[in-house]
Structures are given as C-alpha cells and as structure tokens.
Amino acid sequence: MSTLIAILISGIALGAIYFLVASGLSLIYGLMDILNFAHGAFLTIGAYAGLELSLHLVNGGGLLGFLGLLVVAAAAGAVVAAVAEVLLIRPLYGRPVSQILITVGLDLVVVGLLLGVFGSDSRQIAVPVWLTGATHVGSLSIPNGDFVGLAAGVLVYVGLGLFLKHTRFGLVIRAGAENRDMVQALGIDVSKAFTFVFGLGGAAAGLAGLLYAVVFSGSLVGPTQGDQLLIFAFIVVVIGGLGSIRGSAIAGIVVGLVQVVSQFYLGSKSGWAEAGDISVVILLALVLSLRPSGLAGARER
Amino acid sequence: MSSPATPRSDARPTLVDAVASRLAARSGTASPATRSRVGGAAVLAVLAALILLPFVGIHLPWVLPSAIPVLNSIGMLEVLALCFVFGSVALGYDVLFGYTGLLSFAQVLYFAIGVYVTDIALTVWHWPFLAAVLLALASAFVAAVLLGAISLRVKGIAFTMVTLAFAQAGYYLINDNPHNLTSGQTGLVMATSRLPSILVGVAHTRELYWLALAYLALAYLVVWIATESVTGRVWQAIRENEQRVSVIGLHPAPFKLASFVLGSMVAAGGGIVYLLLIGTAAPDAVASATLTVSLIAMVVLGGLGTRWGAVLGAFVYVYLQQYLVKMAQEPSFARLPVVARDALSQPQFLLGVIFILFVLFVPGGLAGLGLRMAIRRHRRSGGDAAS
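Heads up: the protein sequence lines correspond to chains A and B, in order. The numbering of the first sequence is my numbering, which starts it at 1 and goes up by one. The numbering of the second sequence is my numbering, which starts it at 1001 and goes up by one.
Hints should not be assumed to be uniformly reliable.
[To be verified] Far from chain A, some chain B residues (derived; all Cβ distances over 10 Å):
hint : residue
1    : Leu-1130
2    : Ala-1297
3    : Glu-1330
4    : Ser-1332
[Stated by the list, open to error] Result set (DSBU-like, lysine-lysine): computed pairs, CA atoms no more than 35 Å apart in a straight line:
hint : chain 1 : residue 1 : chain 2 : residue 2
5    : A       : Lys-192   : A       : Lys-165
6    : A       : Lys-192   : B       : Lys-1155
7    : B       : Lys-1326  : A       : Lys-165
It should be emphasised that the hints constitute simulated quantities derived from the structure, not laboratory data. From the three backbone atoms N, C-alpha and C, an ideal C-beta is built for every residue, glycine too.
Bound conformation, chain A alone (with noise of 0.2 Å):
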C-alpha cells in the first residue's frame, strides 16, 4: 500500500513537470496558434544553465543555490525564447506552417550545438543533499524532489492564473488568444504580447528542464533530453484540449499517473521496459477515439 502512494505521489510530480512544460506550449498556441517544436530545446537550455552555474557552487549551495538554479534555468530560457521570437518567428507572422518549421529547425540547431559544445554524454547537476534524500512519513519514502516538482506546478499554475485573470497584459492574452483580428483591430500592439508569452513559455520550459533532470534522470542532464521530454508534453496538451491552461493540468497529471503506474507493474518484464512511455500513446489514442477535441475543449477547434 505505501509503495502505491509512494508511486501515486511521484507520478503526479512527474505530471507537475509536465503541465509546466504543457502550459507553455499552450499559452504560445492559443495565442499565435504555433506549435513550438523548440520548447524541448528551451527545456535543454535551462537544464544546461543550471547545470553550468551548480559547478560553480558548494555542494549545489543550499536551499539559496538551488532556488539560484532554478531561477538561472528559467531565466535562460526566458530570453532564449523571447530572442528566438523575435528574430525568426515576428519575421514570419502570417505564415503558420513556416513559424512551425523554423521552430523545428531552432531545435535541430541548438541540440546540434549543445552536442558539438558539450558532447553526447549526460552531465551532473551539483544539487544540495537534501535534495536527493527522501522524506519518511511511517512507513512512507517520498523522495524530496517530488515535493520540489509538485511545489512549482501548484506555484506556476496559481501564479498563471492569477497572471491572466488579474492583469491587463493577462487581458490581453486571454483576448488574444479568443480573438486575435480583434484586439489588434482595438490598436494593441499584440506582437508585445506574442514575445511576452514566448519569454514566459520559455521561463517555464527552462525551469521544467532543470526540475525533470533533477527530480527524475538523477541530476543528469544531456542534449536530446529536452526533446524526449518535449513529446509527452506535446500528448499532454492534446489531452488536455489545445489551448486551455487548465486542461493541460489536468491532463499533465493524468499522463503522470499513467505513465509511472504501468511502468512501475509492467516496466520490469523483460520487453516491457519502456511499458510506460508505451502506455501514454495507447492512452492519448483512447482520448482521442472518444473524444477528439480533447478533455477540457468542449468545441471542435
């Protein structure tokens, strides 16, 4: 029993991380309606500034250092994207399948670089100790890091909502995304808006980049992470229905669950190994059969 909640619990961290990488991608969707292949790249690059700057500190530096980390990784992958926006994507307004295509073509560039400049190889992230550790609760071990990765879903979530609910720039997002002909037809600048929720995409793939590496691959960070990462996100925001930030929550945990559960019962018969990864696809087919549009888009997009 306590192993089941144990598994419960590390499967809804993982889906934490993934609604952090799937809000982005859908935050950038239902505004500009492009599909950002580059998201894994932000992930890589987050990943890998936090890992540069864990080299310079003691011990990964403490419960500062680490929250240091995450700030870097989100930072990196803040201005990254904001960069990639407004230099390749602003060029191509008006042209979705391009802005998808120099999207793909981002990642192929930076995971090529990454490989040229760092190697193949997976890197260690110096984390704090306490870190690795796990927490006991009777006969319960919950590792410490799944408390980190459920804590900065719950933070990013709230903090979304509050963002569009409560500010004008929100307001003009969520306008935006209903209709976008309109609010520039009400003279708002919204390619503002478009390098704003790239940046802020990105603030939240870098951030879910370093958090996965830490929380799930052993502190080990290498170029195609982000990638791998990228494709449940991609199920995820499918899921949950294109476009909607609480779908994609709702549907990140689902996929955690799945995901970690039937790895965890079926992961280790032999030619099961990846049962897990395997089972997410079975699952978005399902959703998909019944319910195309997805679980929170109620209308055929």
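Following the hints, position chain B against chain A.
Coordinates of chain B only, in the frame set by chain A:
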C-alpha cells in the same frame, strides 16, 4: 477563432506558380501538356545519366563526400544510393505534406516498419526474401490505415502532435526489444542467407545502386500518376481549403487517408531498399524523431508540392550530411578555433542553420528558386509577365 485550425499552406509560392504558368502560356511554348512533356524529357535524361553513372570513373577530389573521390567508387555509389532511398521517402512525404497539406511526423514510422519487418522476417524467422518483402508491405499498409484513421480524427496541429506520438511509440517499441525481435538499441544485422546473391556484399554495390535508383523511379512514377489524377486534385484542394471541399460535397476524410497511406507505403518500400543497402536496422538511424526532422528539412529545402523538389532536397541533404562528416575529419579542420570546431563537428547544426535560412528567405525551396530565376530572366529579356 481568428484563423482556421488547419494551417494555411504558405510554404508554397503560389504567386510564383501563377506567374510562371502565365509566363509559360504567354511565351507560347507551353500548354500544360507540353510543359509536362518537357518535364518528362528532363526526368528521363537525368534517369539515363544516373543509370550510366557506375561506368563513369571521373576523379573529383573536392566535390565528392566518399573516402575515395572517384564518381563510381563503392563509397560514392553507396552515398548516391542512400540519396535515392531518402529521395523516394521524401517524395512520399511530399504527397502528404506538400500536396495534401498534412504535416505528419509519422512518415519515419512506416519507413521503420519497412526496415524492421523485412529484417525480422529474414533474420529471426528465416523467411524467403519475397515473403519478407510482402509481409513488410502488408504490415505497413495495415498500420497506415489504422493509425492514419485514428490520427486524422483531429486536424491541423493536433494531427501533427498525434502522428509524432505514434512515431515515438514505434521508436520506444523497437528499443524495448519485445520477444527479442528487434535487438533493441544495438540494432539487428540482416541475415543474408535467404537473399538473392546479386544483392549481397560490397562487390554488388553497383546492383544495389541500380535497385535504389529503380525504386526511386518507380516511386516517382506512382506519385506522379497519383498527384496528377483526380484524387491528386482533391488533395490539393484540401490543402488549400478543406472546408470548401466538404461544402462542394466531397468527404475529405477518405482522400486524406488515401494520401496518408500512399505516402506511408512509399516510405515502407524505401525502408526495404534501405535495409538491403545498409544491411542493418538500428532504431536511432531509421525510427528516431531526428530522422523525421531530416525528412521535413529535405522537402522544405527542395520545395513543397513539386515532386522533383522533394527528390532534389533529399539529394542535397544527404550529400551535405555525408560531406560535412568527411570535412570534420580533414586535418585542416583541427586547426579551426574551438568554437567553430565544436559547432561544425555536428552536421545537424549546419543543416539546421541552412534549413532556417531556407524557411526565412527561400520559402519555395530550391524548386521555387528555379522558378523565380526563370521569371527574372524572362523579365530581363523584355517579357512583362509579372505585371
């Protein structure tokens, strides 16, 4: 919604196309029939040259990516055969993406089915060659119909994501090595005992080269017939405006599925030829998302919806990839500054940069570039077709 869920097909230079056809019409040389006859003659000439190429032993030191820079060396014939294989797979992808406007990420899955099913049937089950090929094609067909029908339930970007998920599931499945069929990450080396001897070994590289060329020619013919047929017209109409197609009273769904299945079958056949050529199946080489992205880069470099553009793009891509690998091994390469060396040692980086530049500045790809140059030449010679 401010824009339709299906992405508009903007990558194709419709304006340039329109201008070119008007230009051709005006200069008097070109009813569509004559144009396709001229195109057909050009294709046949290139085909004849490529058939004869293994007999031409020209020495080209700086141009060729093979270790021995002779045109008909074994290494060079292998590179060219690989160009033909990916040319055919890119051609199949052009049917889907270029003609029908379906941005699928699953093309690689069917290529991998072609490679792996043939390999498993030959190597693990010791089936006869022909039976293995038929099984591979049948598996690809069933998978394409089934997964195509599921993923086509959603449109536009969701479709892209779903196909990516399925392709990725295939990749994981191969890595999992179920029932010890695929050998997982190590790859499955093809047993040659049941192959016709003319297709085995380095000594028969020339025959394999011709086989790959023949397959490309066959794929080209099939795609040509399909895209010029009434069905092909409907595909293009769906690409331009799916809603309008259904308003006219046609169901887009079966047409889209047909396009999906045709593209997938061309890829599966390419996979079989690839296996014969390379002799081994490895998940990272034949089933990874990186290969998908390479395929997209090929059709975008060459130009979407033009058939020959996709083939040309695949050629340029594979050629450059091989060339960059060779370049990184040159002794002079070690003298470059570290930053440049790090970046250039990964063909992926340079190819990515080229891809981005093409998306930004050459939206019609190489095919569109050719058309634009023709228009400029025409204008300079006094024509006013563009006005």
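Here is what the structure says about each hint:
no., hint, result
1, Leu-1130, "holds (29 Å)"
2, Ala-1297, "violated (7 Å)"
3, Glu-1330, "holds (16 Å)"
4, Ser-1332, "holds (18 Å)"
5, A:Lys-192 <-> A:Lys-165, "holds (18 Å)"
6, A:Lys-192 <-> B:Lys-1155, "holds (29 Å)"
7, B:Lys-1326 <-> A:Lys-165, "violated (56 Å)"
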